[in-house]
Every structure is written in structure tokens, then in C-alpha cells.
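So you can see what is in the structure, the chains are spelled out below.
Number of protein chains: 4
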Amino acid sequence: MTKMWKVAVAGSNGRMGSEAVKAVENATDMELVATISSAAELKKLVETGAEVLIDLTVPAATEQNVRFAVENGIHAVVGTTGWDEHKLHNLRTLLTQHPEVGVLIAPNFAIGAILATEFAAKAAQYFESVEVIEMHHPQKVDAPSGTAAHTAQKIADARAAAGVAPSPDATETDEGGSRGADIDGVKVHAVRLRGLTASQEILLGDEGQQLVIRHDSFDRKSFMPGVLLGVREVAAHPGLTHGLDGYLNLR
Amino acid sequence: MTKMWKVAVAGSNGRMGSEAVKAVENATDMELVATISSAAELKKLVETGAEVLIDLTVPAATEQNVRFAVENGIHAVVGTTGWDEHKLHNLRTLLTQHPEVGVLIAPNFAIGAILATEFAAKAAQYFESVEVIEMHHPQKVDAPSGTAAHTAQKIADARAAAGVAPSPDATETDEGGSRGADIDGVKVHAVRLRGLTASQEILLGDEGQQLVIRHDSFDRKSFMPGVLLGVREVAAHPGLTHGLDGYLNLR
Amino acid sequence: MTKMWKVAVAGSNGRMGSEAVKAVENATDMELVATISSAAELKKLVETGAEVLIDLTVPAATEQNVRFAVENGIHAVVGTTGWDEHKLHNLRTLLTQHPEVGVLIAPNFAIGAILATEFAAKAAQYFESVEVIEMHHPQKVDAPSGTAAHTAQKIADARAAAGVAPSPDATETDEGGSRGADIDGVKVHAVRLRGLTASQEILLGDEGQQLVIRHDSFDRKSFMPGVLLGVREVAAHPGLTHGLDGYLNLR
Amino acid sequence: MTKMWKVAVAGSNGRMGSEAVKAVENATDMELVATISSAAELKKLVETGAEVLIDLTVPAATEQNVRFAVENGIHAVVGTTGWDEHKLHNLRTLLTQHPEVGVLIAPNFAIGAILATEFAAKAAQYFESVEVIEMHHPQKVDAPSGTAAHTAQKIADARAAAGVAPSPDATETDEGGSRGADIDGVKVHAVRLRGLTASQEILLGDEGQQLVIRHDSFDRKSFMPGVLLGVREVAAHPGLTHGLDGYLNLR
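Just so you know, the sequences run in chain order X, V, E and R.
full-length UniProt numbering numbers the first residue of the first sequence as 1 and each following residue consecutively.
full-length UniProt numbering numbers the first residue of the second sequence as 1 and each following residue consecutively.
full-length UniProt numbering numbers the first residue of the third sequence as 1 and each following residue consecutively.
full-length UniProt numbering numbers the first residue of the fourth sequence as 1 and each following residue consecutively.
A portion of the hints provided could be inaccurate.
Which copy is meant is left open, so a pair is good if it fits within one copy or across any two.
[Stated by the list, open to error] The list that follows gives simulated cross-link-like pairs (lysine-lysine, DSSO-like), each with its CA atoms no further than 30 Å apart:
id, residue 1, residue 2
1, Lys22, Lys221
2, Lys87, Lys154
3, Lys140, Lys22
4, Lys154, Lys140
5, Lys22, Lys44
6, Lys43, Lys6
7, Lys221, Lys6
8, Lys87, Lys140
9, Lys3, Lys43
To be clear, the hints were calculated from the coordinates, so they are not data collected in a lab.
Please read these numbers as outputs of a predicted model, since none were measured by experiment.
Kindly produce the complete structure, drawing on both the sequences and the hints.
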């Protein structure tokens, strides 16, 4: 814990970025050396000797920011969306020229959500039945959530790999569609409820027993421990890592 | 508790009936005076001085059993299905000739399930959002469960009576049908999971808070406290009562 | 809903008061006519024609504020603590001179928490076992929470009134005290967990079934629907009402 | 799945043993070749060509049964208690003379309970707060349950190894003991509720998020998938394995 990380935050006036500024300032092993609001300010990364850039900006800005960091030997922890295959390919190419630099691009920094998905996929090979329920605030426009769809797919893949039979289901009549969506054989239900932020619950059932894994995100602060974990680990993981699960000790 | 009820059980060799026999035998305020397996044995009701008949038989037998009881001044607690409007009408007519006799016909004797429905309907007038999730064993052929559909309808009625707006829902895309069935404006989700018997969960949400009411039935023994409550209360409720909630003190 | 309530908020620069200001401003049937930060500003109540005063101040100020309101024929909805028996007695005396004025003093405005307690007390007469688990943020200095203690006491009272036996418990060894606190025969457990605000869960068990009633408060916004309900109902309830449950339609 | 395992069950007239007989008979990849009720019947193991012995007997019988199996080259899956260090030492010695034989001794065959403990210990290194709640039927004489104590200890060990600070707790007053037992820094709460069999819930909390892992055992049938897994895996794990987690694929 004697290491003090010199950290810069890009997108520091956004909602996530401003939380990250606070989180870095409160971390006893980090020093906030720069905040960056535009491309013109990227040079501050070099001037301040930043070791890690946290990028929480917008799709139009993130690529330029991350490439600038890599070219200057600065690691990057990225929560911005918009990294398509083309951009990722170019970034990997750039990283081969800077083999000591690490970049983490993570679609979800809530450690609990990632663990819930990992645990569910592992457990799903041992249970006859599995279903997913996600619960979100009622302003959400898509259903089911991307996280729940991702969880269901990982469960389906794990069951396929282990040769598990489909979840039993004798339903004959369900006119209203109460049985939910089917993602590769895994049922997914979406609840919309005022008061909630983002939750997912995985139900696993077998003869005489049930295992339930539930994650609740109450607040965007829930992403900050994952961001800080990324800062602490990124230098030890050179190259591109996709997904925070690559940094978690799950063995 | 000094009163000792003389109780007979019809359908005593069925699954529910045999549980009822055990429950009556274990109740300190009841005496099992007769078990009845066929119409020919109905006279035992009179011979043994039975005060209450528990009918847990089959649709083809229940009407004859209950009418025999009423005609002989014996109260009846009935869990058998098949009581259509025609049979109920005839029973009401018969009861007018025996105004001291009480009959309880209850589709569900699980006190907790009835309370869950009642509480949910009361609470639903105070919350912006409400959804229902029911969870059952995977041999169940219909979805959603009758209990969940009944709960959703009672919630919808209570909200209509109180002038509550529909639950907010900004969903634009839901190709797979993850948002579940819609019962008069209340979303209902059905989960099928090995290991479960019968559960229902009502989620109520408002700004900054959530109220969850959940009932789990693990075993058909869960119906017995309700059956015994029916035996103790039926004499005090002459005429026909439909639903055990009529005997519960919910004020 | 054509009635527009003229509402004043005392304590408008406090945490709860500032939420109340926002809530009143957002309510389509209310008009915020005054905010009051000191005794010197109380006259604004009269000048603006306020009909209802929301008092969310401090124990040292609340009595003067409420008495001023009552003396001027203005109803009051009070969430401030510190109303001991002496102050309540004096207020009741004052109200006899203003029989048309209503005052609500409520220790808890979270409608869901009040409903959870009410429902639990009603259900507890029908279940063999009942226990309470409260869960709060780890800065809380007292355990168990006042709400949980209140819930346990109401459950104990309801069971005593219904003649229910104590919850069965064969525990012989429990050196570490895992079975929790005992409030008049009802076990209460307190969990402290980062990320939570205030939750309580009541578990009711019987042969083969379980009923769970859970309330989660995620945010102090959860109190606002109860405050607004108080504003809408206070004029229809002249005299002193203690506890928001007096305004809820629970029959 | 073409392999057909020849399986014998010792203790076949006990509660667990009779469940195991049914489970083996229902398994499509197993053949029940013998049931053993006494030491005199052990020779049936050899006569029937049994490959795996399931021992669900009593402490006084299990050692003799398992040693007989090992001496005859038969694998053993053991759920009987009473294996102290002395007996285990002797068994290990015997196994060195039969290096191809596998023995599994498992205190708990409920796969879900084992997974819950494993997942909780892994997750506990990433969360600020963690507490354990166990819930059992009210005939249980000890509190907290052995499983919950074991889970709490594994959590404590994982946090110690990862250098995680103790869960924050500002409690100053708790006269009644609502905060539960302390197992190496991890709070454990025990609930006793009619209707439940055996449940444990691990709550993990961090800034703005919560992860809950819950296992419910409804019935002793919940042990059978673990017993069958043991039968299928024991030959591939020569020597002594303690705990079913040694056979689970958790990477």
C-alpha cells in the first residue's frame, strides 16, 4: 500500500467522471494529478506525470484520449462505450508498439454484478433449472437489460459446455407471455419498478434445493470500487483487457 | 379452547385428505369421529354426531357430500374444486332452509397466500409501481398461476378504486417478451424452477423505497392451518362463505 | 384533485426540508407559498395564506412553529422529533381551542415501512413463528433500529391479544449470541452493511409455508410521498394524530 | 454417459440411505447392485461386483464398511459423520496400499450450500461489509449452524489473506444482542422459523451496491445430486478427498 498512483480523470465534469474524481481523491493510495475536459488538455497527462488515465467520456472522445495515453506510456482504465471491433483492432496494434502499457476497457465496473454473472455461470452446470430476473427503474427503454442478457448467454454457454439438459418446463398454456424471454434456452424476466436502480437475480433450482444470486446497484457510486481496482491492477496487466473479470481473482 | 369439535373427513385416502386426517388428530381441540371414502359412508356423519365435515374429495363427489351435511345440520369446510355457479346457486338455496349451517368453500387454504394477496392489494394504492412474480415447480402446465392472476386482478381493482395511475414503463424494445404478461395493467412473471413448490412475490416500488411481500408454500401441509381455522370458524359464519379471507381478521 | 393546497415548509434548508420543498413544487395539487428558516419568519405563514405547514426542523424549534400554526388556524404535518408527553399534552390543550385544525406528528413518513409493520402485526396472529431482521448502513450507532423494535412490539402485542403461543425454539447452545435480541418474545436481528440505507424484513413461518414482508428505504426521498399524503389528509383529520398509519386506509 | 456404475448402498433402511437407493435407481447411468444393512452383508459388495459404495450409516459402522470397500478395490462415497483424525489417519494409510481407490468423505452433499460458501469467500475480498444469516427449523438445538460457522470462517480467512479491513460497524448501544455472533470478525445471525428446513444467506455490501448469495435446502432430497456426483467422480479422484468441493469445477 506504499505505492501512490498518479491518476488523471478524463470526463471529470460528467456524472460518472465527477464520481471518479471524488473516489480518487478519497483513495489513500492515489493522487489526482489532472482532470481533463477536452482534447486540448490531454498534454496535462504528460506534464503531470500521470501513470493511469481514467476515461469516462463519450464515444466521440474516448479513442483519441486512450491512444494519446498509450503513446505516452500511460495506462488507461476505460468505462466509455463505443469501442467497436475496428477501434479495438487499431488499439491492439498500437499496444504491440507499447508492450509495457495496459488498457482495461470494461462495460461494467460494478464488481458485484460481474461476480453474480461469473458465479451463476459456474453454478448453472450443477442445477437442473435456471432463470434470470432483472429489475430496473421504469425509465429504462430496453428490456431485458444488457447485463441480464449477457448473464443468460454465459449461463447457456456453461450449460452447453457441461452437457446439461435444458431447464424442465411443462408449460402448455401461457397466452399472456408470463414465462418471459428465451435467451439460448435461459428464461429472462424484466421488472420495471420505481425506486430501483439496477438489480439482477439468478435463480438456480434442483431437487429439494435452491441457490439464489442477487446483485443490487443502488447508485452509480457502485462503479467506483471497480474503477479503483482497475487503476491498481492495470499496470500489472499489459496489453488490452476486455472486462473487469479479467482482473478479479476468481480461482 | 374448551370446545372439542367433532370432525369428519371425506376424501381421507387422498393426498390432501390424509394430511387433514393427521392435522385433525394432532389438533388438541378436535376429535376425528369419521373418515368417509364413498357416498355409502355418508351416514357415518350422522351416526357419529359429526359437527363439521371437511370435504377434500373430487368434483364428482363434493356436491353430494356437502348437501348431505347441510341437510343434516352439519357445517362443511370444502377444498374440492368444481363448484360452478349452478352448484353454488343450488347450495345457497338449500342453505336458506338451514339458516344455522355454515359452509366454507375455499380455493386456497394457505393462509399466507391469502394474506399476501390482501396486503398487496391494500399497499398497491400507495405505490407508483407494482409487479407480480410467481414461481412454481416445472411440472406446472399453466402460466401464470391462478393465485398470481387473482392477486394481480385484486391489485388492479384496488388501484382503479383509488384512482392510481398505471405503473410507469418506458420500455420501447422488448422483442423476446421479457416484460411478462399484463393482467389489467399489472405485469405478471412466471418462473419454473425444480425444487420449488409454489411461491408468489409482489414488488411495490415508489420514489426511494420498495415493499416486497412474498409467500412460499413448501408442502401441502401448508394448507392444514387454514383447514383447521375453517373448522373452528365455520359454525360462527352461517350461510355460504367463498374464500378463507372471509374468516380472517384483517382490520 | 382540483383543490390546490397552499403549503409552507419550515426547515427548508435542512436535508429533509429541502427534499420537501422539491416534493411540494413537483406536486400538481400543491403550491409552495413560503419557506421558513427561523421563528422571525413565522409571520409569512399568515401573510401568504398558507393552509398547511410542513415542519421538518429541530427539536428546539418545532413546538413554537406548530403552536403558531395552530393558533392561526393552519394545519401542521410534523416530522421533527422531540415531542415528549409534556409538549404533546400542551398541544392537545391548544387544539381543543381550535377544533377545526389538524396536526399530524409522525416518527416515520415512509409509507412502506408503516405498511410492513401493520401487515406483520396482522399476519403474526396466524403464524407459529415470527422474527424480525433489520438492515442498515454501518454508521448507525444504535441496534436494533427504533422501527424494528416498534415492529417487534406491535407483533408481540398482536400475538398476545390473539392468544398465540411463543415462537418455538429448541436452541440449547448459542455461546456467541447468534439468536439476536428478544423484544417481548420476538427475536430481532440487526445487520450493518455498507451500501444499504434502511431495510426491515419480517419472517413469518408455519407448517409448510413462509410469509416474508420486506421494506427497503434507499433514500430520504422515500419519505416524501408520506409527507404529501399528510398534507392532503391533515385537514380532514382535526385534532392530533400520532403516526401516519392513522391516515392510511388499511381496512 | 455410456458408463454404467455398479453401486451399493449401506444404510439403505435409514432416512438418507433410502433416499439414496431411490436416487441410484432413478439415475440412468447407475445400477443398484446391493443394499447393505449390517456388517454381515458386506460380502455382497464383492459378490455383486460393486464399483462404488455409498455409505450413509452411523458413526459406529462407517469405518468398518469403508475399510472393507477399500480393501476390495471398491470406491466409497461417505456421508456418515464420526470420522475423527485418528480414523482418517488410518484410512489414509490403508489407501496408500490401494492407490487406485478413491474415497470421498463429505460433511455436506448439498451442492448449492457448498457453492454458496465458495462464492461468498471469493466475493468477500471485494466488499467492505459481509454478514451471514442462517435460517433453520425450530427443532434445531445448536446456533449458529455448523454450515454458517464454516462459511463465516472461510470468509474471514479469505479477507485476511486479501488484507481486507474488518466490516465497518459504528454500533455503540446494543443491549439486547441484536448484532449477533462474531466468528473471527464476521457477524452471524441465526433465525428459527417453522416451515423452513435449512437456509443460509450471505450479504455483501459496498458503496452503492449489494451482493446476496442464498441457499435453501427444502428437503433431504437436496443431498442426492451431490451423492450421485460423488459416485460419478470418485474413481477419477484416487486417495482421500474431504469435502465435495474437491470434485466441483469452480475455476
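Checked hints:
1. Taking the shortest Cα distances, Lys22 and Lys221 sit within 30 Å of each other both inside one copy (10 Å) and across copies (23 Å).
2. Taking the closest pair of Cα atoms, Lys87 and Lys154 come within 30 Å of each other only inside a single copy of the chain (25 Å); across copies the shortest separation is 43 Å, beyond that limit.
3. Taking the shortest alpha-carbon separations for Lys140 and Lys22, both the intra-copy value of 27 Å and the inter-copy value of 23 Å come in at or below 30 Å.
4. Taking the shortest Cα distances, Lys154 and Lys140 sit within 30 Å of each other both inside one copy (23 Å) and across copies (27 Å).
5. Taking the shortest Cα distances, Lys22 and Lys44 sit within 30 Å of each other inside one copy (19 Å), while across copies they are farther apart (40 Å).
6. For the homomeric pair Lys43 and Lys6, the shortest alpha-carbon distance inside one copy (15 Å) is at most 30 Å, but the shortest distance between copies (56 Å) is not.
7. For a Cα distance limit of 30 Å, the shortest separation of Lys221 from Lys6 inside one copy, 21 Å, qualifies, whereas the shortest one across copies, 37 Å, does not.
8. In this assembly of identical chains, Lys87 and Lys140 lie within 30 Å of each other by CA distance solely inside one copy; the values are 28 Å within and 48 Å between copies.
9. Proximity of Lys3 to Lys43 under the C-alpha cut-off of 30 Å is restricted to the intra-copy arrangement: shortest distance 24 Å within a copy versus 60 Å between copies.
Hint compliance for this structure: no hint is broken.
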